[in-house]
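Just so you know, the protein sequences line up as chains A and B, in that order. Numbering of the first sequence is given in numbering that gives the first Met the number 0, commencing with residue 0 and proceeding in unit increments. Numbering of the second sequence is given in numbering that gives the first Met the number 0, commencing with residue 0 and proceeding in unit increments.
No wet-lab data here; the hints were simulated from the structure. These numbers were taken from a predicted model, which means no experiment stands behind them. We treat Cβ as the ideally placed atom computed from N, Cα and C, and that holds for glycine. Careful: at least some of the hints might be erroneous.
[Said to hold, decoys possible] To list a few chain A residues with every Cβ distance to chain B over 12 Å, as calculated:
no., residue
1, Thr119
2, Gly262
3, Glu291
4, Lys294
5, Gly313
6, Gly534
[To be verified] Rough simulated footprint, nothing fancy, chain A against chain B, three-plus residues with beta-carbon under 8 Å:
no., segment
7, 36 to 42
8, 51 to 63
9, 67 to 73
10, 115 to 123
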Amino acid sequence: MRVMGQLAMVMNLDKCIGCHTCSVTCKQAWTNRAGTEYVWFNNVETRPGQGYPRTYQDQERWKGGWELNRRGRLRLRAGGRLKKLLTIFANPLMPSIQDYYEPWTYDYDRLFSAPATQDTPVARPTSLITGEPTKITWSANWDDDLGGAPALTAADPVLRRVSDEVKLDFERAFMFYLPRICEHCLNPSCVASCPSGALYKRSEDGIVLVDQDRCRGWRMCVTGCPYKKVYFNHRTGKAEKCTFCYPRVEVGIPTVCSETCVGRLRYIGLILYDADRVEEAACVADERDLFEAQKGVLLDPADPEVIAGARANGIPDDWLEAARRSPVHQLIFEYGVALPLHPEYRTMPMVWYIPPLSPVVDALSGTGHDGEDAGNLFGAIDALRIPIGYLAELFSAGDPEPVRAVLRRLAAMRSYMRRLNLGQEPDESIATAVGMTGEQVERMHRLLALAPYDERYVIPAAHAEQGAQLEELGCSLDYEGGPGMNGPFGEASGAPAPVAVENFHALRQRQAGDALDRADELHGRVNLLNWDGKGTPEGLFPRREDKP
Amino acid sequence: MNPLDLLLWVICPYVALTVFVLGHVWRYRYDKFGWTTRSSQLYESRLLRVGSPLFHFGILVVILGHVGGLVIPKSWTEAAGISEHAYHVTAVVLGTIAGACTLAGLAILLYRRRTVGPVFTATTRNDKLMYAVLTLVIVLGLAATVAANVLDGGYDYRATVSPWFRSIFYLRPRGELMAGAPLLFQAHAFSALVLFTIWPFTRLVHMLTAPIGYLTRPYIVYRSRGPRTGAPGWEPTGRR
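Given these sequences and hints, build the entire structure.
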């Protein structure tokens, strides 16, 4: 057994309102630079829909992730090492900018510089790729809220897999939102695809990162990732991907997408896994067994044997404590409501989802039934083939059973808690029907519905003895306007700018501290408007250290 | 040997070699982040998928041919029982085909670079200089081969150019050998020296980090959060 830590995330899809705040704040934090205009480390897709980039889930076409060869061993779907090297000069499976979208800006200057005319001047869109005037035909969420349906929705690869006969009947349409970040997989095919060995998985917390100094821009990771969450920065010629906001989680604060999530639907916690069993689990013959196999790799942090193994592998005790309190572990195991996205890609994704009950509730309420009655809900979950089949294609390789089980638990929680809210006697039979106790249901309700901040995010900070190393860890992503931005060898050449982790510590203190914002910094300042120019008021000049 | 020949065939090669080696060391230390192919595939892939493999596989064969012709002494191939004629025919046929592929690939890539808007926008002045020198070297090399064999009926560069090339590395440079070579060979060799001199400062550096190690590396790379120390820290797990 080789115990490793993994920071994992769970997203509760029932609470996602599709506001895109996570995407916007992530973009502001990480990808608001030239060359990454089209890069969305976090994006929110409407399902059914084509996703971003378009139809990325169609692995017949894009060949991301792993498959089993004839001997039952894992191999990269896009081809092994030799094939990768032979196609390195022109990657035949890389999406083009048109499969994402051509980023644009507007010619705002025209609004000011246009001469006075009868007509209001218009800011025309300009392509950020060519610099020419352009026509906007696609974007990162063009089919948001089923926009363009049913014509666009028909191209959803997941919907096509559900059934050939399923036509998107607008009367009975269902939809939900799927926020996506990098899955930080246990068996990452992007890492395996990188010829340079620049992509790596951190052994402490499992975050998958691109070493910007080792990346040579061979682009194989873009192909390798079945979720298409590694992007190519077309200005620097390097791969970039979601960093799980490592400078933030290292000091114990959640990722930007989680922190700013309006619906409070994201959970971050540490889970422990056995690195030696990952490959074996990814090799399970039947795709539908992958979900259970993936759970089998994760370890119980309360098990003394696991604790001993973790200590032997250098995992500190406060991390083990965090693993025991992990909301992610609870949601996967104790409550059993979190499912991985596309386990059939065999990458062991570590961003988990609680599938939405709302399509079922909506369909039920639409027919005039009580959408919160346990009996009605259980019946509807069994009867509504299309939403269940669709969710199963997303979260359990097409097996409806795990999805059905989760939805039944969510339905049970709804009706159990409604009785409590209405002042009725708790009905233990509702909890028993889904294999839980009433007390468990109430705790699950607290975690899912009330979602207190420090129960949603249980993030152990990186260790003090490692802290010194962290402080000047190079982060090659912070480049725009940096010292080497106009280096002699093209875009962004030159020495990397360091990440000052102290800033993040300060941020954390400001967020968590009792004092008023920046109160200490304002102390001793002088309001110059009140100064009459005579004398030297206290605080106007810095104190002299060497005064005798 | 007159001073010009001394400059061209003794001093310049050492300058080029020194700049090539030290330039790469310096660039690797100073500018790892800029060390990339700066691929433009995201913008355009139809032309690239024809031109780029044509050029790269062509130039790989050309490089192998140069190693065979320049590094391996004539006496060795003769000792191995390969006659001058057999060597010559193989070299000319293979060389011409590979050279033509390289040139055709380069032509497609240059056409693409000039006509596809985003690709042209992403082309730096540095790139333009590099393309000019690279094209010159390839054209002159192909011209030298064709001219020597088609027009003159063959030139045995293994008696002049090759010993000169090796003598540089023996540190007993024999510039006079090169001084007597035909003009096209001289031009090709000198333009190549220029290319080697600018090499470390262009995107051509990607060739020195060709990812051969990928063939033997474990698939999943684990690395500790700590600073990088010494050798790349990947630790294998499982069976891979």
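A/Lys294 and chain B, when compared Cβ to Cβ, separated by more than 12 Å
It holds; A/Lys294 is separated from chain B by about 18 Å at its closest Cβ, greater than 12 Å.
Within the segment 36 to 42 of chain B, is the number of residues with a Cβ closer than 8 Å to a Cβ of chain A three or more?
Per the Cβ count (7), the hint holds.
Closer than 8 Å Cβ to Cβ for three or more residues is the test here. Does the segment 67 to 73 of chain B pass it with chain A?
Result for this restraint: violated, n = 0.
Quick one: work out the minimum CB distance from A/Thr119 to chain B and report holds if it exceeds 12 Å, violated otherwise.
30 Å, holds
Determine whether the non-interface label on A/Glu291 survives the test: each CB of chain B must be over 12 Å from its CB.
19 Å, holds
Assertion that A/Gly313 lies farther than 12 Å from chain B (Cβ):
9 Å, violated
Verify that the Cβ of A/Gly262 lies farther than 12 Å from every Cβ atom of chain B, and report whether the claim holds or is violated.
A/Gly262 clear of chain B: closest Cβ-Cβ about 31 Å, beyond 12 Å.
At least three residues with a C-beta closer than 8 Å to a C-beta of chain A: is that true for the segment 51 to 63 of chain B?
Answer holds; 5 residues pass the 8 Å Cβ test.
Are three or more residues of the segment 115 to 123 of chain B within 8 Å, CB to CB, of chain A?
holds (count 5)
Could you let me know if the closest chain B CB is still more than 12 Å away from the CB of A/Gly534?
A/Gly534 is indeed farther than 12 Å from all Cβ atoms of chain B, at 51 Å.
Figure legend: structure checked against the earlier numbered hints; hints not met, in rising order: 5 and 9.
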